[in-house]
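S.K.: Spelled out, the chains give:
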Amino acid sequence: MLGKGGKRKFDEHEDGLEGKVVSPTDGPSKVSYTLQRQTIFNISLMKLYNHRPLTEPSLQKTVLINNMLRRIQEELKQEGSLRPMFVAASQPADPLGDNFREAQPAFSHLASQPLLPADLVSTTPLESCLTPASLLEDDTFCTSPTVQHDGLTKTTPPALQPVKDSFSSALDEIEELCPAPTSAEAVAAPAAAGDSKDHPSESNVQKAEGLSENRTAESKLMDPLPGNFEITTSTGFLTDLTLDDILFADIDTSMYDFDPCTSATGAASKMAPVSADELLKTLAPYSSQPVTPNQPFKMDLTELDHIMEVLVGS
Amino acid sequence: FLGAGGGNDIQWCFSQVKGAVDDDVAEADIISTVEFNHSGELLATGDKGGRVVIFQQEQENKTQSHSRGEYNVYSTFQSHEPEFDYLKSLEIEEKINKIRWLPQKNAAQFLLSTNDKTIKLWKISERDKRPEGYNLKEEDGRYRDPTTVTTLRVPVFRPMDLMVEASPRRIFANAHTYHINSISINSDYETYLSADDLRINLWHLEITDRSFNIVDIKPANMEELTEVITAAEFHPNSCNTFVYSSSKGTIRLCDMRASALCDRHSKLFEEPEDPSNRSFFSEIISSISDVKFSHSGRYMMTRDYLSVKIWDLNMENRPVETYQVHEYLRSKLCSLYENDCIFDKFECCWNGSDRQNCNFLPSPLCSIVMTGSYNNFFRMFDRNTKRDITLEASRENNKPRTVLKPRKVCASGKRKKDEISVDSLDFNKKILHTAWHPKENIIAVATTNNLYIFQDKMN
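Residue numbers (our numbering), protein chains in the order written: chain S, 70 to 383; chain W, 83 to 541.
Chain S with its partners taken away, still in its complex shape (with noise of 0.2 Å):
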């Protein structure tokens, strides 16, 4: 769209992030407007922390995209109520909810209302939750009582071993990242490998990028507040500045480096909602609630929690 008259197919049945609004209480496009919901809630990041300008940034756009970002926690929060969305962290016997809110202090100048991985953390009983795949494959991980999934305990350790794609490796270096690989690649796997038959490669990788994008994103939610409004005020015990050139240099952006005449993200937008549709079935037989996409947030609360584990120093 930005090309000098560049001309791109005018796509009539391009749904997705464009098109209609999609009401978050439809029953089968919930998905899709929660997959709306989350490119949107990425962008928004993506925006707050890559913007390295010699001037000060706009404090208009700064507020209308931190407004986005809490309108988007809100829901999220109100959603997060209904639904389990994460497990036991790789603390043994420590959720993850109380080692974030140990490193709370260092970011004093947050706003009051705890950012997005806290309210994430479900309150509701730790039986009802996922179990992580690490739970399963690692004696040493976690103690925490997850006895309902056996089912998915004997099914997924043998469906990892064969896939030898794209994916698979991508889930290598995420767990090389992070001891707790979630149920979600776990069960993704097979998804994925399902898919692999179907689509090509790119589906997986596309996914698996999407996954590492999003524990990213979710990562950066440990900076100070979005924006920082008052930038010489900061009385937090880490600059987002320090913050992002300490951990994040390397963090590959390109899926976010959007070129609209690919338009990357339409075509995100058109894989990824086939992988949330796959996930969606392939969980329903193990979990009497809903799943949403949101399950990369379960990998990226390990990251985070492995993150501060470094900043503190413990």
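Don't take every hint at face value.
[Claimed, not checked] Here are the simulated DSS-like cross-link-like pairs (lysine-lysine), alpha carbons at most 27 Å apart as the crow flies:
id, chain 1, residue 1, chain 2, residue 2
1, W, Lys512, S, Lys146
2, S, Lys130, W, Lys512
3, S, Lys130, W, Lys427
[What the hints assert, rightly or not] Derived Cβ-Cβ restraints for the label pairs, each shown as a range:
id, chain 1, residue 1, chain 2, residue 2, range
4, W, Glu272, S, Lys146, 49 to 57 Å
5, S, Lys146, W, Asn359, 23 to 31 Å
6, W, Arg469, S, His120, 40 to 48 Å
7, W, Val103, S, His120, 30 to 38 Å
8, S, His120, W, Asp111, 41 to 49 Å
9, W, Val103, S, Glu144, 45 to 53 Å
10, S, Glu144, W, Ser207, 54 to 62 Å
11, S, Lys146, W, Pro301, 15 to 23 Å
12, W, Arg469, S, Lys146, 30 to 38 Å
[Unchecked claim] Derived coverage of chain S by chain W (criterion: at least 3 residues anywhere in the stretch with Cβ under 8 Å from a Cβ of chain W; other residues may be distant):
id, segment
13, 106 to 119
14, 129 to 137
To be clear, the hints were calculated from the coordinates, so they are not data collected in a lab.
We treat Cβ as the ideally placed atom computed from N, Cα and C, and that holds for glycine.
Here the structure of chain S is known, so what remains is to put chain W in place on it, guided by the hints.
M.R.: Chain W in isolation, oriented as in the chain S frame:
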């Protein structure tokens, strides 16, 4: 407007274009503001490089009745320089955000120009005579040896080539923590206001070391900040009244007689949201980028991302008219958010005078509003006929006295001949700034780095 019919319809023709021809736009040349002075004889532009360029209209050639005077460069000067804020380690841009002319009181012209932080009052004066015949100095300025002086003479003024000088007469600095978005001269011609994201200050034109804060919406806790000021303007007739718009789509009218700090508005103008159009981007597209009073002061116009709204000052709960500028973009908002276009600040303007003559027929109600769009398109809405037109500022249409062809964007479905599809629009070519001559049907339209001047076709 659509088509060539209608006795009162204006037919716009290309007149001139100023600026570099090549497609490579130098960032400093990006035009950031355009403003006619009160007589329309002078047209000022400000750019991102901090320069002000003033064009002057030639005196009408009485023999050539078919065209009005052309605009030629009158004065160019560097208004603002880039600065560095050492406390925040950030640059202060020299970009000129707004220019406002003072009404002319003597031979010189005065204008206010502002960047993000500092407002300056410039005096533009002509010099067409110079003194000659000094006793102690040669004509080139070298001092004469006093011993060689044998007679005395009185220096006299002799004509010289016209020189236009701009000199800064006042510098109003250090009053804004946030970025200045508006300046507006009061109808008393003694005071003016300057507005940044969170505060509005009142100045006296003669006093630079003091300004009064009249609006402050900064919350005690900055984390609670959800709304900023986007534009402000004094009422054209009531020197105690001004309005300011916000990023949430509201306009507040304040009366300075009510209290020193006008934190409580006298009127709040806000249109309830249309639930059928609700989206993630509702708030962002409701953010008002410009507010302008009509000449009578009875109405005001606001520009948000997709529309222009006319408000009656006596009715707060909804605008009296709404004009869609580019509704076809509503389904593209996510992409426009991605590429930041959704944050573009389009301005809007009224036609010159409420008693503007349209096509020479006296028309006391002639009321047209104009605003820009993408692809170098700009739009005009006739409030009386309810007709609208889309025109393009392009060098391809540069034959003087040829009527501009109306443009049409095809939103969906089959594209007709000569229509442009939404996906072919160039979002880098945006017209943010337009201005209308106060007395005649002459308009100035700024593309990224070019200034176009269009006139109506004179029969």
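S.K.: Would you mind marking each hint as holding or not holding in the structure?
M.R.: Structure-based check of all given hints:
1. W:Lys512 x S:Lys146: violated (39 Å)
2. S:Lys130 x W:Lys512: Holds - the C-alpha atoms of W:Lys512 and S:Lys130 are around 18 Å apart, at most 27 Å.
3. S:Lys130 x W:Lys427: holds (11 Å)
4. W:Glu272 x S:Lys146: 49 to 57 Å: This hint holds: roughly 52 Å between Cβ atoms.
5. S:Lys146 x W:Asn359: 23 to 31 Å: holds (25 Å)
6. W:Arg469 x S:His120: 40 to 48 Å: Between W:Arg469 and S:His120, where Cβ atoms are some 42 Å apart, the hint holds.
7. W:Val103 x S:His120: 30 to 38 Å: 33 Å Cβ-Cβ, so the 30 to 38 Å window holds.
8. S:His120 x W:Asp111: 41 to 49 Å: violated (24 Å)
9. W:Val103 x S:Glu144: 45 to 53 Å: holds (50 Å)
10. S:Glu144 x W:Ser207: 54 to 62 Å: About 60 Å separates the Cβ atoms of S:Glu144 and W:Ser207, which means 54 to 62 Å holds.
11. S:Lys146 x W:Pro301: 15 to 23 Å: holds (22 Å)
12. W:Arg469 x S:Lys146: 30 to 38 Å: The hint (30 to 38 Å, Cβ to Cβ) is violated, given that W:Arg469 and S:Lys146 are roughly 48 Å apart.
13. 106 to 119: holds (count 5)
14. 129 to 137: Answer holds; 7 residues pass the 8 Å Cβ test.
Hints 1, 8 and 12, counting from the list given before, are not met by this structure.
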